[in-house]
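S.K.: So you can see what is in the structure, the chains are spelled out below.
Number of protein chains: 4
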Amino acid sequence: MSKKDLKIAVIGGGSSYTPELIEGFIKRYEELPVRDIYLMDIEEGKEKLEIVGGLAKRMVEKAGIGINIHLTLDRREAIKDADFVVTQFRVGGIDARIRDEKIPLKYDVIGQETTGPGGFAKAQRTIPVILDICRDIEELAPNAWLINFTNPSGVITETVLKHTNVKAIGLCNVPIGMVYGIAEILGVDPKRVNIDFAGLNHLVWGTHIYLDGEDVTEKLIDSFAGAKSLSMKNIPEFPWDPEFIKSLGMYPCPYHRYYYLTDKMLDEQKKEAATVGTRGEVVKKVEQELFELYKDPNLNIKPPQLEKRGGAHYSDAACSLISSIYNDKKDIHVVNVRNNGTIADLPDDVVIETNAIIDRNGAHPINIGHVPAKIRGLMQAVKAYEELTIEAGVKGNYYTALQALTIHPLVPSATVAKKILDDILEQNKEYLPQYK
Amino acid sequence: MSKKDLKIAVIGGGSSYTPELIEGFIKRYEELPVRDIYLMDIEEGKEKLEIVGGLAKRMVEKAGIGINIHLTLDRREAIKDADFVVTQFRVGGIDARIRDEKIPLKYDVIGQETTGPGGFAKAQRTIPVILDICRDIEELAPNAWLINFTNPSGVITETVLKHTNVKAIGLCNVPIGMVYGIAEILGVDPKRVNIDFAGLNHLVWGTHIYLDGEDVTEKLIDSFAGAKSLSMKNIPEFPWDPEFIKSLGMYPCPYHRYYYLTDKMLDEQKKEAATVGTRGEVVKKVEQELFELYKDPNLNIKPPQLEKRGGAHYSDAACSLISSIYNDKKDIHVVNVRNNGTIADLPDDVVIETNAIIDRNGAHPINIGHVPAKIRGLMQAVKAYEELTIEAGVKGNYYTALQALTIHPLVPSATVAKKILDDILEQNKEYLPQYK
Amino acid sequence: MSKKDLKIAVIGGGSSYTPELIEGFIKRYEELPVRDIYLMDIEEGKEKLEIVGGLAKRMVEKAGIGINIHLTLDRREAIKDADFVVTQFRVGGIDARIRDEKIPLKYDVIGQETTGPGGFAKAQRTIPVILDICRDIEELAPNAWLINFTNPSGVITETVLKHTNVKAIGLCNVPIGMVYGIAEILGVDPKRVNIDFAGLNHLVWGTHIYLDGEDVTEKLIDSFAGAKSLSMKNIPEFPWDPEFIKSLGMYPCPYHRYYYLTDKMLDEQKKEAATVGTRGEVVKKVEQELFELYKDPNLNIKPPQLEKRGGAHYSDAACSLISSIYNDKKDIHVVNVRNNGTIADLPDDVVIETNAIIDRNGAHPINIGHVPAKIRGLMQAVKAYEELTIEAGVKGNYYTALQALTIHPLVPSATVAKKILDDILEQNKEYLPQYK
Amino acid sequence: MSKKDLKIAVIGGGSSYTPELIEGFIKRYEELPVRDIYLMDIEEGKEKLEIVGGLAKRMVEKAGIGINIHLTLDRREAIKDADFVVTQFRVGGIDARIRDEKIPLKYDVIGQETTGPGGFAKAQRTIPVILDICRDIEELAPNAWLINFTNPSGVITETVLKHTNVKAIGLCNVPIGMVYGIAEILGVDPKRVNIDFAGLNHLVWGTHIYLDGEDVTEKLIDSFAGAKSLSMKNIPEFPWDPEFIKSLGMYPCPYHRYYYLTDKMLDEQKKEAATVGTRGEVVKKVEQELFELYKDPNLNIKPPQLEKRGGAHYSDAACSLISSIYNDKKDIHVVNVRNNGTIADLPDDVVIETNAIIDRNGAHPINIGHVPAKIRGLMQAVKAYEELTIEAGVKGNYYTALQALTIHPLVPSATVAKKILDDILEQNKEYLPQYK
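Residue numbers (the UniProt record's numbering), protein chains in the order written: chain A, 1 to 436; chain B, 1 to 436; chain C, 1 to 436; chain D, 1 to 436.
I should point out that these hints are in silico values taken from the structure, not numbers from a laboratory.
Careful: at least some of the hints might be erroneous.
Repeated chains share a single entry, so a pair holds when one copy, or any two copies, can fit it.
As the list claims (entries may be wrong) - DSSO-like cross-link-like pairs, simulated, lysine-lysine; straight-line CA separation at most 27 angstroms:
no.	residue 1	residue 2
1	K395	K219
2	K57	K167
3	K27	K57
4	K162	K80
5	K271	K106
6	K191	K329
7	K264	K329
8	K27	K80
9	K270	K418
10	K219	K329
11	K27	K330
12	K330	K264
13	K246	K46
14	K395	K246
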């Protein structure tokens, strides 16, 4: 990668997150010589693409640097000879997400974008599309790196690594958000904080926390337990019970609330759905407001309102990863990679979320070995669900799908699993060619 | 074991199951030359011991064979030089079981003797006692085989194998009951039916079913799915959904209903608790009736009413296992043994329930390797719970106990786990010296 | 397999061992209703086939049972609809074996039919042929069991299991020979002796020895160490050093002498080669004598001289295995099967030699777990050699072949490995189509 | 480790290597604020300690920095409150090494300081001493890091990690030497070269070589194979055969010559022993010359002649590792660490040599997973030997020692192993208290 002029393809370029990404490339222009950014979207997203693309162009212009922004509906044009393909698309858009949230809630089950049946539905819609994209990459840009942000990020990355020849790394802003959260509690620069992460995407534990290399996990748990923090915009911020956190002895991610506080979270979701709307419905409005803002021809920076959307640190995660690959940095990022024995309690061919050394040849996870029983069982149960979800999504097998949902820890019975599955298949018919 | 005159110690000898066991020894007298059976119980069980001991003596007398029945409250006398120690005791008796059922139900959680928080409570009461018994065996009968029936049988056997030097095999009548259930469906002699079992005690799957060696799993699933069968006296006999069973492609054990049909089972438990009483309360009455029967000085056989109690095939499982060890038979039994890599997806040092060759040197499991993802996750999640349950039970560690209950798939949140745990510790205070 | 009239195909039917096999079927006719035995051989073996086939027919006639012996050069005719295919062919015959022995000896390396470079050469010649046979079986007798005796038996069986869909079990008469050897030392009926076997074909250790179920390993080692026994006709019977055997604490197989006593065995081989000839040369004469005997139209039983050939217990191993499959016996045989985690220190997909339960569905190994370090390293080193040997044999890859020979524990250097390899490829040109 | 004034204890401080180490600390004084270096040696080494200690003091003085050099025969004084303990002692000195080389050669077996029976003997002498040192560290400096250079470095580090509570990292200058060797071939700065290392100490393969992050392994093999290079002062520089290197596809370390070119290396050793003397005898003279140089009161730098001794890059490896720990650098070093699943084909509790991230909490290996069969078998065989060597060395068990030597790939038979073992035990009597 001695070449100087990088081409970046952004699939789902019309996303409201795009300005975050553009800002990231602008900030790193010195170390990351991007020449062309192709923002690609589908016909239905054309309007959004044009709005956000306009903003992107103004941002680059203001920065006075030589990045060319291209807007296109032609995926093959975007991918051809790209050095990096960033995927941030959503099949079915926000409306599909809202359905994903509402179907499980109907049966008193957590209705969430990525966790539980909602994530299953999103995976089923996304898998045929990501496989298509990868066929294009295999043909048109076989040396490109796929940086996947499309959720459920771990599941989608595992699909790519199991079923294609594309070099892929999955990303999520949760781990970096946890680092920032700890830094805030400690009142220090986030750079002084390191966390050993182990787990799956949206089910990752911070097993040890370091300040300037000193292990402060125990100290921090004492002061922290019960604090209202370490959460995300997307997720209700219930405090953790201090004794529970002490018994756990490590940091759960915000999404753990769906597992460790299921009853409370479900009550909250039902209450919200009945009042302000599901998270998807709220986001829909936020997005509309954002696009109104983006239209302003005088706006030429990432507007601060984007933070409300939930994508904080997205640019940090993505652009600094790309830079570490390009510059062969050998620094540590938290990524979604093939397990390959890193966590001895999971199969080799699944994807985990963990600390890895990043260089020009990709992500090299730091070895973990066996994890403690207290986090092992849940990690294994969710991973088994994910493996079946991928198999169902690739083959369109009803029975595999039924098993996937049945064994999900948040689904109370095979009976409910079946009802939810039938609703999902019915309501997403147009997006599920594999089930025909 | 060339010796001819075997000594059997039965810990919990006053149990209503004892006649089943005595019948087993009588039937096998030719191949299993038992001379002395010590029925041992504690002071509180003295009356029952005398009643059931009287019946046992009459049964032996009627059979006209040379077995001597001894009744004792002295555990060391019972164990000294025994060849086999059979454990079938219940710490706290039926009343403790009823409490185990009621505490979780209070929080809308499955309340069951061995599955879920009820099994956790039972394990905490039993662990200190089984460790005491094992110290006696180590001292007084170091070559004895411990045949454990005390529930939760897998957890108790794992405790013994991890924390003592006693040679132990765990038993359960569920697998043999499943074989008889299939034989009934097929209308054939149970000897013609074989099942490959894999899993944990009370969470065991019949992965393949054979009739005269031919694999009939698929055939059987088609005809069977939806049938009201393969259940146990202890467990409500809800039929399985045909599509669910087809998607599973194997035979769940009756206890799987608590996991796969949680909502329905919980409703049923709550309904029963409010009307006829919990299963423990029902059993309490059945037991009282049984002991009334046992008192009859003219009764000298196992009364048929015992079947209602739920212990069918108990004698088959126990006595034929003992005979296979004594006679070095090298036949196949389904037992609870150290995993040691048999199921590649579980740690080496845990106990699994599986097919094993039995000979004079113990139980040698037939290798399994990896299990399918659809049963792997649940098996791993419950095993992690069991490992923490044992650790908590041995050390009396509150935090470990809290994690054990939190990660149990049937417990909805850490909050509920804590409430249940506090109730369990409070209501079982006198039986939990390790928590002091 | 409820059918009554079995068809057996014997590939390499013209072998001098065939009468042993025929005798085995005759003895078991009651329990194993064989109707047709197809003795198949290639054009070059026609004369031998007719001689040994004639004897086979006379043996069956004398026994007065309804087995039909068919002689054929048409492999597809032999295999079509067979229930069992027994492979005992040798590509290149005895002359190729003699070359296999002489090439390594030229470089001061053990020259042996199955162990070391000789076994490598034999594998390279055999692999293309066994794959061809398996294509026929897949097409013409997809339900047949392949019982492989062709050496190197473990390597050939692993080739079949890795590269075809044929149901195969590998056999060897070494383990049963070790049982008979121990029985002889103890002066008891071999049926009273059991051995736990673990390892690879021709590299198998008897880890525990039982008499009537009692572990007599230690006792036996004391009396046995240094005894001149437990060997085979094929292998010089050097006594083991008593202290070495005590330090090993288990029973090596006769072939272990090539590894544990390399220097002495090499000296002996060189001495023999210079005087009576290599073992292959000796066998060549024995075979000629045997065929002279076989021609005798009055001979209608297996002649006792066959024992000298080295195939003792061959019929026991093969026919009793076939009977256990046919009759769903669930008894224990020592076989070559897919590891699948049985020995935790070897890959899943390799073949090991170990105790297994045999029933209508094949061989189910009894779990072993980790083996002691003292036998682990050698087992792993030889297995790595075997894996590369198979890969080289299937692909005809020179570099893989060079690595296979280089890492063999009996080959002193890459330089010698290359010389031996080049000689092997040159002298076996006509049998190695895969290297073209 | 916020403290500013570090104390370093050097066990075996009288070694001729010490100036190399002192130079390393002087060069890094800015980033590594060492205040006290205790050079400790035993009574027999007093003279050397004073000579080399004098030079060390002059070197520090010349550098004009505030490091205090202390000379002591009191190990406890040296260790007390040390931050780092560096071990570079040799039990029995050079004379013992010469015996280690000569004993195997007597039986036509490679006689080498660390590889084969010579390394076994060295391990047996060293193990009791390192365990003693670790008891001191546990008591007097429980937070200290032990940086072990004493050979066989992997075996000694594994002994410490298995049998003590000391935090230890093993080091060797072979991997860094390989990096420098490649840089020389490429004609580039060594900083631009990275190698993925996997294996054991003195048996490590460079599986991939990178220049500026680009994988140049294949390219390099083509140009390199046959080159006379990548060797060490200690080891005869025979060229590799080009075809062998191509078939291997990776970089063997110089010590691999003992395994891959055993015959040639043995011839060379025998020739040298008969002429210039064994390597130990040569080194003995080099050392005497070095100490003559060191005595010169005008010498105040590391003399260039030290390079001949074979310890090139020793200071780079040791001091930069210490600095990475102290400064929490999170950079990559090649070290000897607990495997813990990093290489999936070796047990968890053994020590491997591999790339690891170094920070204040120690060495965190980058995950490897399974290694190719071509390097797996030899790695496993040597590791099994090492495990038995450690067990024998700790317990002084003759039988375990006999097995260790027997299974070493360079020892041709149990018979030779026994002779060598008996010679080793006899000639090292005074250093082997554990065998009494």
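S.K.: Can you name, in rising order, the numbers of the hints this structure does not satisfy?
M.R.: 2, 7, 12, 13
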